[in-house]
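Engineer: Residue numbers (the numbering used here), protein chains in the order written: chain A, 1 to 304; chain B, 1001 to 1253.
Derived by calculation from the structure, the hints in this document are not laboratory data.
Each hint can be trusted.
Some but not every residue of chain B turned toward chain A, in silico, with C-beta under 7 Å:
1) Gly-1097
2) Ala-1104
3) Arg-1105
These stretches of chain A come out as covered by chain B in the derived footprint (C-beta under 8 Å, 3 or more residues):
4) 51-60
5) 72-78
6) 84-98
7) 102-110
All C-beta atoms, glycine included, are put in the ideal place defined by N, C-alpha and C.
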Amino acid sequence: MSDGTIRARGLCKSFGAKVALEPCDLDIEAGRVTGLLGPNGSGKSTLMRLLVGLVRPDAGSASVAGVALAGDGLAVRRRCAYAPGEIGMYGELRGHEHLDWFLRGRERESRARARALAESFELPLRRRVHTYSHGMKRQLMFAAALAPRVPVRILDEPSEGLDPQKRSTMIQLLQEDAARGTTVLLSSHHLGEVDRVCATYVFLSGGRKISTERAEDVARRARRLVRATFGPEVRLAELAARLRTGRASVRGELLIAELDSDDPRPFLAELASLDGIGAPRTLDYGQASLSDLYRGLYGVEEAC
Amino acid sequence: MGRALHSTFWRAAGYFLVLELMLVPAVLYFPEFQKHANSLKAMAPIPVLRSVIDTLEQGGVFAYVTGQHFFKGCNTLGTAAAVLLACGAIAGEVHRGTFEIFLARALSRRRILTERWLEGAAAVCIPVVLSTLTIPWLCSLVGHSVAYWPLLLCAVQQCAVLLAVYGVTFFLSTRARAPMGIAFAMLFFTVFQFAVYLVERITHFSLFRLTDVERFLYIQRENGFELWALLPPVGITLVTFVASLMSFERRTP
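Starting from the given sequences, assemble the full structure and let the hints guide the process.
Structural biologist: Here it is as structure tokens:
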């Protein structure tokens, strides 16, 4: 498949006095799944809408699948499938009619593929869309976004409102799609699923890109993270200050130590050598994940 | 058939049916009108209406049917149809939360808007033309004959004015977030224009002067249009279409 990169330089957007997205640079490699993460109002949807030309930037430039974003973004949308986060639909249309309507302007075969996908989700395509549940509408939208043969897909919260089984199916389909060389940029509030499918994470907060992390870096960092809980007699702040191996911090009843190497033995030996501490009640090592990173960046568990 | 085209077809079909339902009894009543024109004139409460009845009486069957079909039927029902078809064209998508998927397809905004504009414009004009084509046959039922060509020219004049109303409403729809406000504003405007028409001293400032019986009699007499009556609505239609394109290009979901 051709160039599936997504690039942005200084892309920004304000709505009146409200800054929706501060100047943002983005480099997304082809053939990878990238997760766009952040709390509500962090600018994820604005960034996605900018990339597909639904919103015009105040400044900056972008290219999607090798096509520079210009005018109303038609050239980009021809090479990129987009599923909006808001799923207002035409209730009077039947499921298959809605797929056909959504795929106008795409190659004819994409309609057949979308129907086949929707049928694999067990969607009743002969029924009118107003009888669909929220999750069914989301799946219909997902089928429409996954059907066209394009190098890039931009999906705004594609799994929102889906049950775990359907979400799992969706992840599997996205993984298969990425394996065929398609670049996928998705936003989600379900860190577990992002963790499973994404190779890169882009974090946004308050309209600003605050970090980009590769999944392998997060995993490597996880291997250097030790978390321990102690009895109430242990003053964690004092303990953290006494530790010399790695960087220790306290979060609630948890002592978290970020080690300097993948080997936890020096840290554990130091912990055992300290007087008046006793054995930790729980100890885990190498289990940290995207949730920890997210919590570290935003101070909350998930962006819901 | 596309989603919008499908709903536009049924609206246009309903609009045609109502126009026809108004036209049939009006034409069949023509012999009675001829008999009782003087009594009707005496009953007219305002001078403008008396002069309208005068014109209908003197203009014969052509003046009567154009007055009934265009001045009465199309000016009221047609204007309402133009406003109702245009007000929700874009604002309706925003209002019901479908605007983002409306724009998200692999189609240019220019194409999306032009298709939507043409669908509505066709729904405004085709019923007017089709119902006009039934007039000669209806007239033959009461022993009169009316030629097709001048009637069709009158239909063009009528459609030009309806398209101007449609164009203005459509432009407002590209700017607004809800269709109801636009519908009320435009319907109020047209009712006001009709009220202006009925006031003798200011009647010339009314939009409906462009589609009254005098204009249609001129078209029949000269077998052509009065440019001062045709060009302004055509100009408004073109300008509002271009303005709608520009407004829609920058519209944000």
